[in-house]
Every structure is written in C-alpha cells, then in structure tokens.
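Protein chains: 2
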Amino acid sequence: MTSRPMTLGVDLGGTGIKLGLVDAQGKLGPTTRFATPKGDPRAVVDLIANHALALIGGKSKRIKAIGIGAAGDIDPEKGIIRISPNLGWRNVPFKTLLTKKLPYPIVLDNDANAAAWGAYVVEAKKKIPNLLCVMLGTGVGGGIIINGRLYKGATGTAGEIGHMTLYPEGIPCACGNQGCLERYIGAKDLAKAVRREIESGQTTLMTEMVHGNLEALTPLIMTQAARKGDALARRLYEEAGERLGIGLASVVNFMNPDWIVLAGGISRAGSLILNPVRRTLLKRSFPTPAKAVKLFISKKDQDLGILGAGLLAHDF
Amino acid sequence: MTSRPMTLGVDLGGTGIKLGLVDAQGKLGPTTRFATPKGDPRAVVDLIANHALALIGGKSKRIKAIGIGAAGDIDPEKGIIRISPNLGWRNVPFKTLLTKKLPYPIVLDNDANAAAWGAYVVEAKKKIPNLLCVMLGTGVGGGIIINGRLYKGATGTAGEIGHMTLYPEGIPCACGNQGCLERYIGAKDLAKAVRREIESGQTTLMTEMVHGNLEALTPLIMTQAARKGDALARRLYEEAGERLGIGLASVVNFMNPDWIVLAGGISRAGSLILNPVRRTLLKRSFPTPAKAVKLFISKKDQDLGILGAGLLAHDF
Numbered sequence: 007m008t009s010r011p012m013t014l015g016v017d018l019g020g021t022g023i024k025l026g027l028v029d030a031q032g033k034l035g036p037t038t039r040f041a042t043p044k045g046d047p048r049a050v051v052d053l054i055a056n057h058a059l060a061l062i063g064g065k066s067k068r069i070k071a072i073g074i075g076a077a078g079d080i081d082p083e084k085g086i087i088r089i090s091p092n093l094g095w096r097n098v099p100f101k102t103l104l105t106k107k108l109p110y111p112i113v114l115d116n117d118a119n120a121a122a123w124g125a126y127v128v129e130a131k132k133k134i135p136n137l138l139c140v141m142l143g144t145g146v147g148g149g150i151i152i153n154g155r156l157y158k159g160a161t162g163t164a165g166e167i168g169h170m171t172l173y174p175e176g177i178p179c180a181c182g183n184q185g186c187l188e189r190y191i192g193a194k195d196l197a198k199a200v201r202r203e204i205e206s207g208q209t210t211l212m213t214e215m216v217h218g219n220l221e222a223l224t225p226l227i228m229t230q231a232a233r234k235g236d237a238l239a240r241r242l243y244e245e246a247g248e249r250l251g252i253g254l255a256s257v258v259n260f261m262n263p264d265w266i267v268l269a270g271g272i273s274r275a276g277s278l279i280l281n282p283v284r285r286t287l288l289k290r291s292f293p294t295p296a297k298a299v300k301l302f303i304s305k306k307d308q309d310l311g312i313l314g315a316g317l318l319a320h321d322f
Numbered sequence: 007m008t009s010r011p012m013t014l015g016v017d018l019g020g021t022g023i024k025l026g027l028v029d030a031q032g033k034l035g036p037t038t039r040f041a042t043p044k045g046d047p048r049a050v051v052d053l054i055a056n057h058a059l060a061l062i063g064g065k066s067k068r069i070k071a072i073g074i075g076a077a078g079d080i081d082p083e084k085g086i087i088r089i090s091p092n093l094g095w096r097n098v099p100f101k102t103l104l105t106k107k108l109p110y111p112i113v114l115d116n117d118a119n120a121a122a123w124g125a126y127v128v129e130a131k132k133k134i135p136n137l138l139c140v141m142l143g144t145g146v147g148g149g150i151i152i153n154g155r156l157y158k159g160a161t162g163t164a165g166e167i168g169h170m171t172l173y174p175e176g177i178p179c180a181c182g183n184q185g186c187l188e189r190y191i192g193a194k195d196l197a198k199a200v201r202r203e204i205e206s207g208q209t210t211l212m213t214e215m216v217h218g219n220l221e222a223l224t225p226l227i228m229t230q231a232a233r234k235g236d237a238l239a240r241r242l243y244e245e246a247g248e249r250l251g252i253g254l255a256s257v258v259n260f261m262n263p264d265w266i267v268l269a270g271g272i273s274r275a276g277s278l279i280l281n282p283v284r285r286t287l288l289k290r291s292f293p294t295p296a297k298a299v300k301l302f303i304s305k306k307d308q309d310l311g312i313l314g315a316g317l318l319a320h321d322f
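Residue numbers (our numbering), protein chains in the order written: chain A, 7 to 322; chain B, 7 to 322.
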C-alpha cells in the first residue's frame, strides 16, 4: 500500500448502504455493505459513521474527504436531502448531521449523479464530453455529464429521468405526477407486476423460486427465471426494455449524448433488457443521434455508486 | 449609423424565410421576409443570396459573417441540412451552396438553437447559466444553453423537444416515432384538429373568420377567435398548453433549467397557452425545479430566429 490520498465513497439507497475506500483514479479498496435502517435519519448517520470509522481504521491521515451519493432530491450546496421518497425523508440536513460524527470534509450529491461521475471517470476515462448514466434500481435515477462536468441544473435536480412522463394518464406516482417512467420499470414496480400476473392466474417459475413468498421477489430472481425460459419474466423484461427505450429515445432527441450507461439491479438482466431498449431507441429517435450514441451496461455495476461518490470527494 | 461590425441573420423555416442585419449586442437593423419556395434547395439558396445582397447594399465591408438557423436536423460542422421534414430536404450541403453565392463566412445551425442563443444574449443578457428555448411554430423545436454555451450534443441534434414522445401509442410522426409532442401542439396539427372538430359538427367563429376556407387557418386566427370567447379555440389552446406542460414537466425534471423561453406562432396566444402550461408544470414536475424555473414568452417573438442566427455569426 502506498500512501496515496483516498476518499470514502458512500452509496446511500432506500434498501442498502454501501461504503468503500476510493483512490483518485477510481480504484476501489475495502468495502462494506448493510441494510438501510428505516425511519430516523440520525440512526442512519450513526451507522454510516461507525462503519466509516471501522473501514478507515489506521488510514485516517490518508482520507481526504467523504463523498455521499443519496437517493432523492438533494441540495448539494447546503448538503440537505430535500425529498427522498425511497428513504422516507424530507429536508434532512445530512451533511451537518454527519459532520458532527466524522472529522472530514463531506460532499453530498444525488446517487445517480455520483454514479454518472463514476462512469465518466472510470469507464469513459473522461474521453467523451456528454454522458447519461441511468440507475435502474428500486427507483430509476439519472446523472448527466455535459462537456466533461457533472451537470446539476438550476437546483441540483437535473437527471431525474425516472420522473419523466411515460403515460400522461398512467399510474399515480408519489412525486405528484402520474405515469412516471419509474412506475413501469422500477424494481419494486416490476415485482408488483409479477404479483399482479400471478394473482390473475399466470404461472411462472418465480413462484417456486421464492418458495411462494412473492414479497421476496428481486430483479435477480426475475433474471434467473427469464434465463431459464420463464415466459412471464421474459415478457416483463421485454416490456420494461421497450418502456425504458421510449424514455431514452426522447432523451436521445433532447440531450443527444455520446454515451448512455445503464447500471443498477435491473441492468444485471443484460441482453434481456438491453435488446428491447436498443431496438426501441433505433425505432423511435432520430437516426443520426440514435446511431451515434453508445449504449451499454456498466461493468462496475454495484460499485459504480461508491466509486462515483468517492471520486466526487476527490474533486472536493 | 456607426461603422460597428454587423452580421446577417437568416431564419430559414418551412413556411417563410426572414433576413435581418444584426449587431454584436443583438440590435436588429433592416429586415426582409418572404415565403419559402417549395422543392429545389438551389432555388432557396438563390433567393436568400439575392435578398441578402439587397439588404447588405453598401454595407458589405461591415458584414462579418452570415448566420443561418434552419428547421431540421443540422450538421453544424459540415454545414449540411441532414433531414428537414418541414423543408422536405435530405442531406443538402447548404453552406457549400450558399458560399458559392455570398462572399462571407457562413454559420449554419438549427433554427431553435439559433433562437435559444438569441434569447440567451438578448433576453437573459447572459446572466443565467442554463436556458431552454422552445419554438412553437409549424413544427416544435428547442435549443439548449448549458453553462452559458449553446449545447449541441454529440451530433448537433440536441434540443429536439418536439420529438420527445408524449403518447407512446399516439399519432404516427414523419420522424418514424409515434406520439411525438409536435403532433399535438404544432401549428399544422392544431389546424388539423380544428378541421376535424368542425367536420364532426362543432361550431366555431373560426369558420367565418377564414370565410369557410379551413386551409387558411393560422395560430393568429385561432388566437383571435379564443379572445372573442370561441369555445373550440379556447379548448384547443387549453389542451395544447396541458400537453406542452406535460413535455416541459419531463424536461424540468431532466434538465432543471433556470429559464424556459417560449417563442413562435403559437406562443403569441399569450396567457391562453401559458396558463395551462404553467399549471401542468407545477402539478407534474418536482416542486423544487418547478418553482425555480422562470417560464415566459419571448418579447422578441418573430425576430428571435434572425437575432440568434446573426449573433451566432458574430461568435464565428
């Protein structure tokens, strides 16, 4: 081990929290993962602080800063989590709370923004100007790189592709809109769709795979079922891919990015989701930008959030 | 008249062409307007060249460059109009053709990009970082300013808000997609909707206003009818505003701009269109970016395209 500076990257999601040490090139050191405690933000802060100190151990002098990517509407300037449906929080002064527990500079941003920065540094090696990273997890988020910089927009909200409208008269969303893309391709929503289909008589391998406990459905199980040829799992991925493709076709015509990087649980379905996305994109967006965009699934997968958060902290 | 440098701005649309002299601050000198000849691009080039020379007159030494904003998918680097449904052109080397007729450097860009630059320089005085300009004309285009620069994306296509999908199973569009926003709020499409309603028995002041010739319907007539209380015209503007609002709500969540500037024929309906847009935006996008965005109708209106094209040529 050299004594090069490190940061601690934190990926704070509604289901789980991941921590890891990250060097300036985006190389990941030791990591740790645990479930997100429900409710009081202070419990989450305490848990992150304890795990962070354990992970940092004797390396405290090499730690330059802590970067946190959190699910939700973030104010990066003030370090406030304004609204996070997945965490169930509103106006939490997260940076202030964590600063009391950890003696390091703290950078807070949206989790998909962090992932986008991670993809830009580690996968694109900063060699293209414009990139969109789409996080396909419990929710659906996005982060935007424009001209080689993280683009945050007027209020730090930019990139919320999951809350672009797919069906104007569609399913009501907790954000106040209806028909949001996330309501059709989010992991929770796909699990709901499976349960709905089973209740209406559809048979599927998934019932057996979760031993009848449909609450235990995950994208991983859906992917395993689809790979075994399960018709329902395959159809749901096909539909989800088409719907994501409709949203991305709009984004390709509007943002015209060089790269689109997919990450998060649903992206682990690989070609099951990527093929219908690509087909729909070519069908629905202008030929020139559709042919120009490089669309692929991140190879950093689960680590992209930690990496990106850590890399943001290096730029602190 | 001082001898400050000027450019010639050209707004090349499917219906009409406008030319004007523009100074570096965006002050507009003499202008000229004429209908777009159909068919051969060379006829359009000749006509523009002749009008340009007439407008330039004795000021030829003060003319620095010519800027053209054209409707369609443009390659600004090569000066090619790749696809323009409104002009009916494909792969027209417009810059090369015009260079043969006019001895000035020529800058070609998308018309909505030019308008966005015009709005940014003249209306925003370059004081905000991120702006979206939406051109509501025969078609619906958009131009994006990011961090004070015109954002063109990977292939110069960025900003095509009119071809974001509003209804995934909606009206087929010439672009190959279906349910594009433009198919519901473009001037041609609104006129079609009026004709459909009249054919199915709806009475409206507009029939009389165009002396029974429904082909002569324009946004101006629809606006005049609405202001006289015509129920059909009011309802169609209300619906168009809601639909534009749905699209803009997606854009506000994705791009989180500081300003959204509306321009073009439909925008002259003023509050008839602006009120439903604003209401829908507040209902459907995240509260933070929705409250932050300044949404208004350009005061430069018909001149925004010329101004922007001329200003782009100043930066040549």
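Calculated from the structure, these hints are not laboratory results.
Incorrect hints may have been included.
Copies of one chain are not kept apart here, so a pair can be met inside one copy or by any two copies together.
[To be verified] Simulated crosslink set (BS3-like; lysine-lysine; CA at most 25 Å straight-line):
hint : residue 1 : residue 2
1    : Lys234    : Lys70
2    : Lys133    : Lys84
3    : Lys297    : Lys107
4    : Lys84     : Lys70
5    : Lys300    : Lys84
6    : Lys133    : Lys33
7    : Lys297    : Lys84
Each hint, compared with the structure:
1. For the homomeric pair Lys234 and Lys70, neither the shortest alpha-carbon distance inside one copy (47 Å) nor that between copies (67 Å) is at most 25 Å.
2. In this assembly of identical chains, the alpha carbons of Lys133 and Lys84 lie at most 25 Å apart only when taken from different copies (23 Å versus 31 Å within one copy).
3. Taking the closest pair of Cα atoms, Lys297 and Lys107 never come within 25 Å of each other, the shortest separation being 49 Å inside a single copy and 34 Å across copies.
4. For the homomeric pair Lys84 and Lys70, the shortest alpha-carbon distance inside one copy (20 Å) is at most 25 Å, but the shortest distance between copies (46 Å) is not.
5. In this assembly of identical chains, the alpha carbons of Lys300 and Lys84 lie at most 25 Å apart only when taken from different copies (22 Å versus 35 Å within one copy).
6. In this homomeric assembly, Lys133 and Lys33 come within 25 Å of each other (Cα to Cα) only inside a single copy, at 18 Å, whereas the closest approach across copies is 39 Å.
7. With identical chains, the CA atoms of Lys297 and Lys84 are at most 25 Å apart between copies only, with a shortest distance of 18 Å across copies and 40 Å within one.
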